[in-house]
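Construct the complete structure from the given sequences, taking the supplied hints into account.
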Amino acid sequence: MSPQTRAVENWTLQPLTDFVREASARMVLVLTPAGQVLAQSGFSRAVDVMSAAALAAAIVASTGALARELRQPPFAALSHQGRKHGFFLASFSSERGTLAVLAVYDLAVSSLGLVQLFYEQLAADLKAASPKGAVPKQVLAADFERELTDSLNTLFGR
Amino acid sequence: MSAALDLITRVRGVRGAMLVSAEDGLIVAEQLMEGVKGAAVAALAASLAGRLQRAMEAAGIGSSVFWHLQGEQGALLVVPGGNAAGGILVVAVAEPDVNIGLVRLELLRAAEAVV
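Line by line, the protein sequences are chains A and B.
Residues in the first sequence are numbered from 1 upward in steps of one, following my numbering.
Residues in the second sequence are numbered from 1001 upward in steps of one, following my numbering.
Just so you know, not all the hints are guaranteed correct.
Said to hold, decoys possible - Taking lysine to aspartate or glutamate pairs in the EDC-like style, the calculated list, with each CA pair at most 16 Å apart, reads:
no., chain 1, residue 1, chain 2, residue 2
1, A, Lys-84, B, Asp-1006
2, A, Lys-84, A, Asp-106
3, B, Lys-1037, B, Glu-1095
4, B, Lys-1037, A, Glu-9
5, A, Lys-127, A, Glu-9
6, A, Lys-127, A, Glu-95
What the hints assert, rightly or not - Distance ranges between label pairs, derived from CB positions:
no., chain 1, residue 1, chain 2, residue 2, range
7, B, Ala-1058, A, Arg-45, 43 to 49 Å
8, B, Trp-1067, A, Lys-84, 41 to 47 Å
9, A, Glu-22, B, Gly-1074, 45 to 51 Å
10, A, Thr-63, B, Val-1036, 40 to 46 Å
11, B, Gly-1074, A, Lys-132, 51 to 57 Å
12, B, Ile-1061, A, Arg-146, 39 to 45 Å
13, A, Arg-45, B, Glu-1034, 44 to 50 Å
As the list claims (entries may be wrong) - One side of the interface only, derived from the structure: several residues of chain A facing chain B at Cβ under 10 Å:
no., residue
14, Ser-24
15, Leu-66
16, Leu-70
17, Gln-72
18, Leu-78
19, Ser-79
20, His-85
21, Gly-86
22, Ala-108
23, Leu-112
24, Gly-113
25, Val-115
26, Gln-116
27, Leu-117
28, Phe-118
By construction, these hints were calculated from the structure, which means they are not laboratory data.
C-beta atoms are modelled at their ideal positions from N, C-alpha and C, and glycine is treated no differently.
Printed below as a string of structure tokens:
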């Protein structure tokens, strides 16, 4: 996997680069709850970004629905740890709308504690860097495929 | 676990003590004075412990028993509890002039107590 970090929206690039370095994360996505990717790090194939973004968006939606059923605010973060890798998924509000961060880390080089710690910094940096007064762009179903293709072209330098 | 931390925090100059999961860097139990960033210390100490362990294995000198980082404004002291303690690190944050020997003794006692 390439450690390269690329962004569709440039204001996300520096905070994400810092997070990847400090948390020693293997792969990271910054996305909207609709699955629109703003930045990625560590992915080498567009199909992996598409799958990860779709699955992350589905998890955000399903845990949000579960929280509503329980009459609770949305869950702040979700963590899953396997034998060699862990993943961390959390969302926060910004001027760009709600954003989600999916981070995959190797247990040999990082930990949930480190990822949580530097995620808080990432969320704060993204909130500070997000364009002020910007109305979150709505991606219509009719435009989704074109938007997705444009994003993937930007992320993979095509 | 609280009793184990009491052993450490009663030493004069200790600003806080924690039991930290070495594997994921999360706090298991804590007694910290205000101003000590427990989550950050726990995550970074666990990361450092893992790297030190690998360095010591590479050097062929076995596992670490105690480590002490002296800063200008304080000290970080850690006893890795080992597998018998479920991979728990016993961590103390102290003033620069703390009695290191006494804190070390209490950290070792606390590590035994959490087994």
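We went through each hint and held it up to the structure:
no., hint, result
1, A:Lys-84 with B:Asp-1006, "violated (35 Å)"
2, A:Lys-84 with A:Asp-106, "holds (6 Å)"
3, B:Lys-1037 with B:Glu-1095, "holds (15 Å)"
4, B:Lys-1037 with A:Glu-9, "violated (32 Å)"
5, A:Lys-127 with A:Glu-9, "holds (13 Å)"
6, A:Lys-127 with A:Glu-95, "holds (7 Å)"
7, B:Ala-1058 with A:Arg-45: 43 to 49 Å, "violated (34 Å)"
8, B:Trp-1067 with A:Lys-84: 41 to 47 Å, "violated (27 Å)"
9, A:Glu-22 with B:Gly-1074: 45 to 51 Å, "violated (22 Å)"
10, A:Thr-63 with B:Val-1036: 40 to 46 Å, "violated (32 Å)"
11, B:Gly-1074 with A:Lys-132: 51 to 57 Å, "violated (39 Å)"
12, B:Ile-1061 with A:Arg-146: 39 to 45 Å, "violated (60 Å)"
13, A:Arg-45 with B:Glu-1034: 44 to 50 Å, "holds (48 Å)"
14, Ser-24, "holds (8 Å)"
15, Leu-66, "violated (23 Å)"
16, Leu-70, "violated (24 Å)"
17, Gln-72, "violated (22 Å)"
18, Leu-78, "violated (15 Å)"
19, Ser-79, "holds (9 Å)"
20, His-85, "violated (13 Å)"
21, Gly-86, "holds (8 Å)"
22, Ala-108, "holds (8 Å)"
23, Leu-112, "holds (4 Å)"
24, Gly-113, "holds (2 Å)"
25, Val-115, "holds (8 Å)"
26, Gln-116, "holds (7 Å)"
27, Leu-117, "holds (4 Å)"
28, Phe-118, "holds (8 Å)"
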